[in-house]
Every structure is written in C-alpha cells, then in structure tokens.
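Chains as they are written, first to last, in this note's numbering: chain B, 1 to 554; chain R, 1001 to 1210.
None of these hints come from the bench; they were simulated from the model. These numbers come from a predicted model, not from an experiment. Some hints here could point you the wrong way.
Said to hold, decoys possible - Which chain B residues stay away from chain R? Per the calculated CB distances, all over 12 angstroms, these:
no.: 1; residue: L83
no.: 2; residue: V343
no.: 3; residue: T474
Stated by the list, open to error - Listed below are several chain R residues computed to face chain B (Cβ distance under 7 angstroms; list not exhaustive):
no.: 4; residue: L1012
no.: 5; residue: G1036
no.: 6; residue: V1170
no.: 7; residue: A1171
Think of the CB as a built atom: it goes at the ideal place given N, C-alpha and C, for glycine as much as any other residue.
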Amino acid sequence: MGPVLAGVLQLLALIAALALAYVPLGTYMARVYSADRHWRVERWIYKGIGADPDTEMRWPAYLRGVLAFSAVSVLFLYLLQRLQGVLPLSLGFKSIDPDQAFNTAASFVTNTNWQSYYGEQAMGHVVQTAGLAVQNFVSAAVGMAVAVALVRGFARSRTGELGNFWSDMVRGVTRILLPGAFVAAIVLVACGAIQNFSGIHEVGQFFGGSQQWNGGAVASQEAIKELGTNGGGYFNANSAHPFENPTPFTNLFEIFLLLVIPFALTRTFGVMVGSVKQGYAILATMATIWVGFVGLMMWTEFAHHGPALQLAGGAMEGKEVRFGVGSSSIFAVSTTLTSTGAVDSFHSSFTGLGGGITLLGMMLGEIAPGGTGSGLYGMLIMAIIAVFIAGLMVGRTPEYLGKKIGTREIKLAACYILVTPALVLVFTAFAMALPTPAHSMTNSGAHGFSEILYAYTSAANNNGSAFAGLNADTQWFNSTLGLAMIFGRFLPMVFVLALAGSLGEQKPVPETAGTLRTEKPLFTGLLVGAILIITGLTYFPALALGPLAEGLAS
Amino acid sequence: MNNSVVNTGRLLGAGLRALLVLTLLTGVLYPLAVTGVAQALFNNKANGSEIKLDGKVVGSSLIGQQHYGLDYFQPRPANGLGENTVNTQYKLILSGATNRSADNPQLVTWVKQAKAKVVAENSTADYKVRPSQVPADAVTSSGSGLDPDISPAYAELQVHRVAERNHLSVARVEKLVEDHTQGRTLGFIGEPRVNVLELNIALRELAKGR
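So that you can see chain B by itself, here it is in the shape it has in the complex:
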C-alpha cells in the first residue's frame, strides 16, 4: 500500500469513528444542558461557588459570569507563574517574567494555548497541572456554555432567559470533559504517553553517559488538550513529542479527540432547537470544508513543492516517521480548523501552499468544526449572515430557525465577524511597520511575513499553533499577542450573548412557503460559499503577500 492510499484510509477511518460518536455524544450533550437534576458532586461545587444553579440569567448576567470567571482565571494563572519560584513541586524552575506570564495566562484562559515558552525548561508540576491543565478544562467548558446559551436563544421564545452560566460551565466539566478526558488519558498511557511525577531525572544512554528527562502528568494533560481543543503542549514539540503522541494510533486518536465535540455539538444544537435536520445542515457545512481542506493539504504535501523538499525527495522536514505525510496532513488541517493548535508536525516547514492552508483554516474563523463551543457559535453567526444574504437576494426579511434576523441581529453578527480580521490585520500591519518585531523572524521574504501573519491569526482566532520560527518571547509579541487573544475571545462572546438575548425575546415567526429552508443542501452550499467569500475578501491581500507568494514561487 502506498502512503497516499494509507492517508486516505486513515481519513475514512476517522470519519467513520466521528460518525459513530455523533448521535450518542451529541444527544447526550443536549441532555446534559437540559437536565433538571444536579449530581451530588455538582451540588458541592455550587455550594463552594455560592451560586444557585437554578437561577435563570438574562444575557448581561450570563456575560458577567463569563467575564468574571475568566478575569479571575487570568489573574490566578498569572500569579501562579509569577510565584513559581517559591512554590513547591516546581522542580527549581524560576518564576516566569511578567510579559510572558501575561501572555501565557491570556493564552490558556482564552482556549488559545499559544506558547512563547519551552514547556520542558520553564514550567514545573504546579503550573502545568494545577494551572495550565485546569484552564484546558474550564476554557473549553466556557466556550460550550456560550454556545449553549446561543442555542437556547434560538430554541426559546418570549423570554430573555438563557440558562445559568455556573451550571452550564460546571456540567461541561463534570459530565462531558472530565469523564472523556479520563478515558482518553488512560488510552494514551496504554500506548506509551507518560504519566508520573518523577520530575527531572537522569536516564542512561546507549553510548554511555545520560540524558535528562522531564517526567510529569503528560497523558492527563494531553487528553484534555485535544478534547477541549486547547493545544498547549507539555513539551515544546507538542504532539510531535513521542511522550505526548507515541504511536500512529495515538496520532489518529488525538485527531479524533479534537474533532469529536465540535462536530457532535451540531447534533446537540439540532436536538435543542427541535430539528436534528438543522444540525445536519450545519454539520454538512463543517464537514465539507474540513474534508476539502484535508484533500488539498494531502495533495500539496505529497507533491512536496519547494526547493528544500524537492531536494530531500519528500515533505518530511518537521514531520515524524511514525506519522508520515498523510497523517500529519490530517492533523494539521484538523488542528487549524478547530481552535486546537496542537501540532504533530511543524507547519512552518510545510510546503508554501500547505502552510497557507493552515493559515486559511484559522482565518475562516475556526468554524469547520471549530473549537469546543466556539465552533458552533461561530458557524451559527455565519449561518445568520448567509440567511441575510439570501434574504437580500429575494427581498424578504431574513429568518433563521423561526427567528427574524432584523437590524439588531445583523448588526451583532456583523460586529462578530469584524473583530478577528481587524485584530489580525491591524496588529500584523503594526508589527511589519515597526523596526524591531521583524527581528524575530527565522525565515526571510514571504515566509517571514507569513510567520507574523500566522502569529496574529492564531492568537486572534484562539488557535495557538505557530509558524514557530518566530521568536515570540519578546515584550512586543507577548503583549500584543496576549491582547489579540483576549479581545479575539471575549468581544465575540459579548456579541454572541447579546444576540442570544435578542433572539430569545422574539416570538417565533410561523414558517411559510417563502421561508428559506435552512435544513436543505442548498443552504449548506450557500453557507459554504458565504464563508469562503467573506474570508477570501477579507484576507486575500495578506495571503497573497505570504503563503501564495511562497507557494507560487516554488
């Protein structure tokens, strides 16, 4: 069997596994967010928080919960890193500098997991396990909570009530992420991922002498890093490191983990709005883009254009032998079309066009299938835009799921889609215009520009992967990328929750013969087109200067 066929079969196996999980997981999650009863452990947690989980919140209250919890999380994680030098179990690692600590705190709380530090020489047990890994859980749960609030806005009528933030967030952790991560972590250990607290220790080598290794709670962090679409590696090499991703099977398993919740949430959406077909239409949109991108990526990586790769005879620079080109291509597309940003191979050394595909994946807004929660709400915003465009064509007031898309709704949706491009392009322009940021580039020319464009795209879209040649541990990059992550995460959430509130207050519009059927393939086609056109118009000039220039030159 050739590597191309093996790559295609791996893609098919992945699709089959995701299809098997879709209905049970999606339906289960809908039940999680609709159940009246609380688990005993959840009651203890609510008691600890001092919140009543049954109080319904309107959108401003829901938003205040999101922002308060996230603000406290940033501060806590910042202090944990600043105090690392005096904390126990820190392996003698020093406190992290203020700019890097801010960047890392912003990064993990926003579900981005951009890393300007080297995990193995900077972070001890306490920061990794009680700081970073905790945010892997809760940042994902916050994303899912906001998505569910938006879905309730569609599902409910004549009420501004969107549910209870504390209950939604806690249930996301206790009923979805924690059980899933536990099982996944054990599977990873069974395949060779490490899980110990032996700290830094000497290990003998074949040729005498010894090397020093970091021990740590790697598998437990790896599991939630993928399942929560976080992506921050325990080690610098992330999921290319054999202790994080030891075998070809774990590689495919990790891709499955990072896709399974975002895809299944479309089912959750379908169940909660009372029409699973609506969920299928959204799923079809996500899947079309994802499969299309994987196909393009495999094509360009197997063709290995570019002088160095042509000379080498294959695109193996930055890739592991056990994964090969096919599996690495699937990983790269899946991690940038979700908000994961974990990498099993290094995107900077991909072909020019391959690197461009990872960039474009993030620029779509990470909605195919996107992050845990953020993918669904991002896609629903695009659906509103698509419905609006269709409405303009036929001169009707647009409706989606029985709700009128009026002036207020379309304003909020438009604000949502303007936030990240503005952050990406403005910050990139400043970084290119100022004299010093460019010193951080490893590669020159078009690829050097791509490194900086990639960094801000990754940060503002909360992805976290990098064209890692960029030395991002400077005050400029730590600060501006940190701000891009925070604004890129929370401003869109403001618009989503405001939108959810105004949708929930409406009374449903009865379906008529003139209503656009949003559960049909025609709508899926319209939606895919709207996404590609809007993203293309926004980013084409920037892409032309970077990956397109590099790809066309080779």
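Could you slot chain R onto chain B? The hints should help.
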C-alpha cells in the same frame, strides 16, 4: 455606584471560588487519579518505556538518541533540538523542529550536506549508494528532534556499512532490519518504521555473539 462595586466584588468572589473548586477537581484529583491507574496498570509505559541492556537503562524506546558511532544505524538529523537556557542547573534537551521553510536557503544547505554525508558514509568498497536512493527522512529533521524511528528504506541503505564494520554478513543484518521493521498499525495507520535504539541493541547482541 457603590452597589455596582459590591456586586462586581461578589461576582469576582464567586468566580474565584469556582476556579478554586474546579482546580481541586481537574488540577489535583484528576491527574492523581490518572497517575494512579497509569502507574498500576501500565507502569513501564507511564514512566517512559525505558529499555535495559545488561541490566542498565540505555534509553527509551520512544526517544531517539543522537551520536551513535558509524558501527551502528544512524538516526534522522535533529537540527531543531536545543539545550535549555533558562534553568541552567539542568542539562535538558529541548524538543523541537527547525521551523525552516521549504524555500529557506539554510535548509537547502542542510539537506544537501546531509545527503552527501549519507551517500559517503554508506558507500562501501562493493556497494555504492546513489543520491536518488536516499529517502527523505534521512536528510530532514523531525518535528520533535527526538524521532525514535527511521524509514525501512533508510535502514536498508545502512545495511552494507553496518555489516562491514561489524564483520557480519549483509544477509544477517538485512534480516535484523526486517525483524525490526514495524508495518502500519492495522495495515493502514501511520507509516512503516524501524526503531533505531531497539535495532542497535539487537545489533550489539548479534555482533557480540558472532
């Protein structure tokens, strides 16, 4: 005014308590539970899949090592590996890739040099390696810099040199490589590979018992 300050304070307090409770659950209990199960059921794997030779640990089957002498099979280049600069009380290896782009002149030079080296080192008196024979993994650095594997093609290319230097027959070394070649998992997952450390351990045993 005062009221909103009090309310904000209350909300932040709730956020802090939520974070602390969830930290206990997901940052303490969860990793400890996973560690407990992992250490009980998969002790060797949870501790890094260490391999012993003559009673001494010689590394991990998962972590590639550099600096094998030419008597042994060579791993992939690792130009992306670094050394720790932050906490110099340790001598840690920093995993990583080169991050050089496909059109980077330095990468082109690295690949050229690696190719010439592979050809020169593996050509023996009666076996000449052609540049076109050299597989991509032999001249490129991996993502982690710790890739424990090489492709079967790269292992086969080294057979003549290794056989000659260890005074073994080519057929026996070929057989050794074949025995240590792992195919794709279930026939389609990943790529075929040869674990360099395991292969070299077997080679040492073979050469010893010659």
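Cross-check of the supplied hints:
Distance check on B/L83: its Cβ is at least 15 angstroms (rounded) from any Cβ of chain R, clearing the 12 angstroms threshold; non-interface status holds. Not every CB of chain R lies more than 12 angstroms from the CB of B/V343, the least distance being 7 angstroms, so the non-interface label is violated. No beta-carbon of chain R is positioned within 12 angstroms of the beta-carbon of B/T474; the least distance is around 15 angstroms. Checking R/L1012 against chain B by beta carbon gives a least distance of about 5 angstroms; that is within 7 angstroms, so the hint holds.
Of the supplied interface hints, the one on R/G1036 is violated, with its beta-carbon coming no nearer than about 9 angstroms to a beta-carbon of chain B, more than 7 angstroms. Hint status for R/V1170: violated, given a least beta-carbon distance of 23 angstroms to chain B, over 7 angstroms. Of the supplied interface hints, the one on R/A1171 is violated, with its beta-carbon coming no nearer than about 25 angstroms to a beta-carbon of chain B, more than 7 angstroms.
Checked against the numbered hints above, the structure violates hints 2, 5, 6, 7; every other hint is satisfied.
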